[in-house]
Amino acid sequence: QTITTNTDSFSPASKPAHEIFGLAIFALAITGGIFVVVAAAMFYAVIRYRRRKDDDGSEPPQIFGSVQIEIAWTVIPIIIVVVLFLTSARLIFAIKDAPRPKSALNITVVGHQFWWEIRYPGLGIITANEIHVPVSTKADPQPTYIKLLSADVVHSFWVPQLAGKTDAIPNHVNETWIEPTHTGIYKGQCSQFCGAEHAKMLLRVYVDTPAQFEAWVKQQQQPAVEDPAVAAGREVFMHNACMNCHEIRGTEATGRFGPDLTHVASRDTLASGSVMNNPANLRQWIENPDYFKPGVLMPAMHLSSQQLDQVTAYLDTLH
Amino acid sequence: MHNPAEEKEWRLPSRGLAAMVSLIIGETALFSIFVVAYVFYMGKSISGPQPSQVLELPIFMTICLWSSSLTIVLAERAIEHGKMKVFSLFWGLTILLGAIFLGGTAMEWHKLIYHDGLTISTNLFGTTFYSLVGLHASHVIVGLIMLLIVFFFSLTGRLQPKHAYQIKTLALYWHFVDAVWVVVFTVVYLVGR
Amino acid sequence: MADQTLPIGGALDVTPHDEAQKGTFLEWLHGWVITVDHKRLGILYVTFALFFLLVAGLEALAIRVQLAMPNNHFVSPELYNRLFTMHGTTMIFLVGMPILFGFANYIVPLQIGARDMAFPRLNAFSFWLTAFGGLLLYWSFVGGFGLFGAGTAPDVGWFAYAPLTERAFSIGHAMDYWAVALIISGWGTLGTAINIVATTVSMRCKGMTLMRMPLFTWLMLVVSALTLVTITPLTAAQIMLMIDRYLGGHFFDTQAGGSAVVWMHFFWIFGHPEVYVLALPAFGIASEIIPVFSRKAIFGYPAMVAASAGIGFVSLGVWAHHMFTVGMNGPTTAFFVLSTMLVGIPTGIKIFNWTATLIGGKIWFATPMLFCLGFLIQFLIAGLTGIMLACAPWDWQLHNSYFVVAHFHYVLVGGIVFNIFAAIYYWFPKATGKMLSETLGKWHFWLFLLGFHLTFDTMHIPGILGMPRHIYTYEADRGWGVYNFIETIGAFVQAIAVLIFVYNIVISLMKGQDAGSDPWDAWTLEWAVPSPPPSYNFVVDPVVNSRRPLWDLKHPEDPDWKYE
Ligand code: HEA
Ligand code: HEA
Ligand code: CUA
Ligand SMILES: [Cu+2]
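Protein chains in written order, with this note's numbering: chain A, 1 to 319; chain B, 1001 to 1193; chain C, 2001 to 2564.
Bound conformation, chain A alone (with noise of 0.2 angstroms):
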């Protein structure tokens, strides 16, 4: 899979960004051509009616005005309104009143301060950060609807190259869908300021194919690996807090406050891709989650380091 290492939204890689790049061309090409007129003429005016070194002093002519010219530069720009606010609006309806197939999978992100909470309700699925998604081809047209929530303040879903953003605003439900046209990972972040870590609060969606996409439902359908190798580890998470923010399914961890990790060792990332997961992160960000984000609501839990060690090698199996 070949992760892109922009978030250009002029390179579209799914449905409604395909769209929206039409449009912001057009409008480009409009405003970029009432530009090159206007300036034109500024330009034109300042150059040729400069003053010049033998002005001999007087004013020149007074005009005060001309109600004809003044009619066609109003009537002109209503015109172009008009043509931009209708190809707008016809692009907008499209968008919102989008047909629904019944094929479209449907998934709830959750914004939470500053972590997405992801969940798959037809699937059981619960998990944090990085979206899966079937990619969507012409034979098979597969979108994904995204219901968006918030827990507790104003967030904004957006990844450049799939769609255009949308709110997650708390206690009011948006909605916003994409169809991928092309496999990949696509990053994107959260762009509606939500506190401290809101620039570390970015999100990964996953396209891939239909076969993949199985396999990635299957396994992060089962419960936590339960591994006797790790159970000191186990042991050192659920005597601590851990439990009462995290939910392992299958155990009695069952707190909603931070991400999901029955399958967090499936994952690419940490804490909201702020990181990469492997152990030594991993390790890291449970001793001191301030040191990757300044200001992240999971506090350190001051464990010794051989806790450390142990708690770490069990997240790590959790696959």
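Just so you know, these hints were derived from the structure itself, not from any lab. A quick note: this is a predicted structure, and the numbers were derived from the prediction, not measured. Take these hints with a grain of salt, some might be off.
Stated by the list, open to error - If you want the footprint, here are the derived chain B segments under chain C, 3+ residues with CB under 8 angstroms:
#	segment
1	1022-1029
2	1054-1060
Stated by the list, open to error - Computed cross-link-like contacts, DSS-like style, restricted to lysine-lysine with a CA-CA straight-line distance of at most 27 angstroms:
#	chain 1	residue 1	chain 2	residue 2
3	A	K102	A	K15
4	A	K218	A	K102
5	A	K53	C	K2554
6	B	K1162	C	K2362
Unchecked claim - Pair by pair, the computed Cβ-Cβ distance ranges are:
#	chain 1	residue 1	chain 2	residue 2	range
7	A	I71	C	T2439	53 to 63 angstroms
8	B	E1056	A	V217	58 to 68 angstroms
9	A	P210	B	V1191	47 to 57 angstroms
10	C	S2535	B	R1158	22 to 32 angstroms
11	A	K53	C	V2506	30 to 40 angstroms
12	C	F2485	A	V75	25 to 35 angstroms
13	B	V1183	C	F2365	26 to 36 angstroms
14	C	V2539	A	G32	33 to 43 angstroms
15	C	D2521	A	V75	31 to 41 angstroms
16	A	H319	C	L2135	29 to 39 angstroms
17	A	I71	C	K2562	38 to 48 angstroms
18	C	F2485	A	A29	29 to 39 angstroms
19	C	L2316	B	V1183	43 to 53 angstroms
20	C	L2210	A	V75	48 to 58 angstroms
Here a beta-carbon is modelled for each residue, glycine too, at the ideal position from N, C-alpha and C.
Here the structure of chain A is known, so what remains is to put chains B and C with the ligands in place on it, guided by the hints.
Positioned in the frame of chain A, the structure of chains B and C with the ligands alone reads:
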């Protein structure tokens, strides 16, 4: 030199009037936001009490407030005709009516708080109700203070018929306060109940 | 122009008035504190605002240093959030509005031939309220949590979206400083707006009909009327916020059924017209300077007046273009697309009329004119990027990205700050009797132009590349680094230009060339009185017959009133 302007008479609106009208426009915008908030949150409280359970129509105090608009007009007339005694009478009456209105609000709030247990933090209804009615009441208070100052001057004889214009400007504010009550009354007690 | 031939008041006055007030430093200071003279208050406003321009500019520099490179650690996340909040809030409330109202204070009474504002004492009171609000806001750096923490300035963005501002998410007093300071300075603004309306309505000299008012005064009348219905909704919303925070109200408490979207509506009902409150006086400045330095009457005066009123009016109905992403339904979105784009029409009329004023003139490239010409072309671009944002589906991509930041700095800096500088170069001689140095002025202009374009032209690109605003850092692999680095360099070039400007003011105050009453050979009444004007402005109440009273006097053979 020929000065075409010099021939014409030059009159402009008074600055007091211009300022009062401006102030009223600004205040209208302020109240609009509170009214919109009230209307928007109508019926959105997640817990009780609801307006229909606790609000009663404040008919008497409303009549008082609105009649004070009438008495203040009579006072304006009086000062225009130089009848200072009559002026003081109607001016005092206006203040009295305004004060009754305030007293009515106080009693209403007392009942709501101690009897119905509705405070500003109880639910959305409480929040929007006390804010909107309170904002209006605070304007009545400010209005009353200004009326009282004038009353004081008229009793001490410092107020002259030549001040009729200032009195008119001040009365405009009082009319505005009354007019706001029309909106508040409609929204809170008629539509919202 | 020999003053003595002008039968307009002030010409008779020969005593340079400041001479009369020599005294100790304390007496001098006392004089400024108790003053109710509109000219002195105007100068106070402008000085106050220029000071805060440096402060907020310094904050901008810190922001730029932090963003110059990916994963930079110049400031902490918390401090970064405070910096952009304070930068935005300061620039809008403590720089933009006070400086423009300061110009209005100084210029409007002179332009309409009045001796002072309608309510001089209210005027002074309003200024001190604004000043107090500003100081209170900045006290949050010291105060905040109390003196225990290192101080807490507001850190929620200048639009302070709820519920982040509620008690549950913003403990401490940062939000209280923000709300209370702005409520107080808002009252000051309201007072000044009322004053300006009353002044323009009631204090015009004989013959100054509404359709003869200079355009700057006209624009200030429109702005003040707009302010009346603009600043009050913000005050209302802030009062609600304080009710939530202190009395346990639920206006924006989403746990108890309150709505975050309602705050957004209330804020932008204020916030959008607010940007026109800043833009319109800048238009007024351009409408004074461009004709004088083109040596031609303004083209299409009635159209200019109508367009200004039109902009003011339409701008009241476009606010939700800041909220295209909150999930409004299709028809509402379409409505706000249309209303927003409609503003382009009267604005276009203004741009075209300014350009037409240039045509056929003899353009004199003095510093004020240079800044105005910069404004003209930059405002065109800024307006067009505004139109791009108004295409709602595209805004779903651009919203809260650096493209928006680029758009509004293009208007606010490229448009308004350029015109503020133009106005200072233009009216400084009137207010002080000294010319600002033209050489330094040109350095200032060209460097600021260069810095401006380095910073803000570049800024559009990361926006399109998906860079959100309000982020204190970003990953290296996004490809935003280069652009951000160039922007930072540009910001420092701007800073050098601003320092030259400050130096220019200081040096010119000390040994600038004498200005005389009418250095630009201009046409409105303020140039008929000595520089600086005596405290009563006009010895004899002036009488005017046209829009350009001084033109009539200078050209008795071809006076304007023949054509009006
Ligand atoms: C003085 C300040 C100022 C001014 C004058 C403007 C002017 C305009 N602005 Fe801007 N704007 C801001 C300051 C300003 N803005 C600020 C501060 C923000 C961000 C706030 C925040 O989020 O923090 C913002 C944000 C903003 C947004 C929201 C972006 C977002 O957050 O998603 C939008 C969207 O529509 C917008 C549009 C416009 C438009 C259409 C104009 C129009 O008025 C422009 C009109 C001018 C022209 C169009 C050019 C001249 C006309 C012609 C040459 C005629 C021919 C043209 C046509 C027919 C189109 N602005
Ligand atoms: C009139 C308004 C105005 C002006 C003039 C400016 C001017 C500048 N602004 Fe700002 N800006 C805003 C209004 C304005 N801004 C607003 C409203 C926001 C949004 C805030 C928010 O989202 O909450 C914003 C946000 C904003 C951001 C986005 C922050 C973020 O979202 O994370 C950035 C980033 O680059 C920025 C940069 C700049 C720069 C480089 C300048 C430069 O043009 C500044 C040039 C001036 C100087 C450099 C001053 C020079 C000073 C000295 C030389 C120091 C000397 C001092 C002493 C001796 C005391 N501004
Ligand atoms: Cu979540 Cu910004
Ligand atoms: Cu706007």
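Honestly, do C:L2316 and B:V1183 meet the 43 to 53 angstroms range at C-beta? violated (19 angstroms)
Tell me if the beta carbons of C:S2535 and B:R1158 are separated by a distance inside 22 to 32 angstroms. holds (30 angstroms)
Honestly, do B:E1056 and A:V217 meet the 58 to 68 angstroms range at C-beta? At 60 angstroms between Cβs, range holds.
State, for the Cβ atoms of C:L2210 and A:V75, whether the hinted interval 48 to 58 angstroms holds or is violated. With a Cβ separation near 27 angstroms, C:L2210 and A:V75 fall outside 48 to 58 angstroms, so the hint is violated.
Please work out if A:K53 and C:K2554 have their alpha carbons no farther apart than 27 angstroms. With Cα atoms ~23 angstroms apart, A:K53 and C:K2554 stay inside 27 angstroms; holds.
Taken at face value, is the distance from the CA of A:K102 to the CA of A:K218 at most 27 angstroms? holds (21 angstroms)
At the C-beta level, are C:V2539 and A:G32 separated by a distance inside 33 to 43 angstroms? violated (55 angstroms)
CB-CB spacing for C:K2562 and A:I71 relative to the 38 to 48 angstroms hint: violated (25 angstroms)
For A:P210 and B:V1191, compare the CB-CB distance with the range 47 to 57 angstroms and indicate the outcome. holds (55 angstroms)
Taking the beta carbons of C:F2485 and A:V75, is their distance inside 25 to 35 angstroms? Violated: the Cβ-Cβ distance is about 45 angstroms, outside 25 to 35 angstroms.
Tell me if the beta carbons of C:F2485 and A:A29 are separated by a distance inside 29 to 39 angstroms. Between C:F2485 and A:A29, where Cβ atoms are some 30 angstroms apart, the hint holds.
Holds or violated: are the alpha carbons of A:K102 and A:K15 at most 27 angstroms from each other? Cα-Cα ~17 angstroms, so holds.
Comparing the model with each earlier hint shows violations of hints 2, 6, 7, 12, 13, 14, 16, 17, 19 and 20; every other hint is respected.
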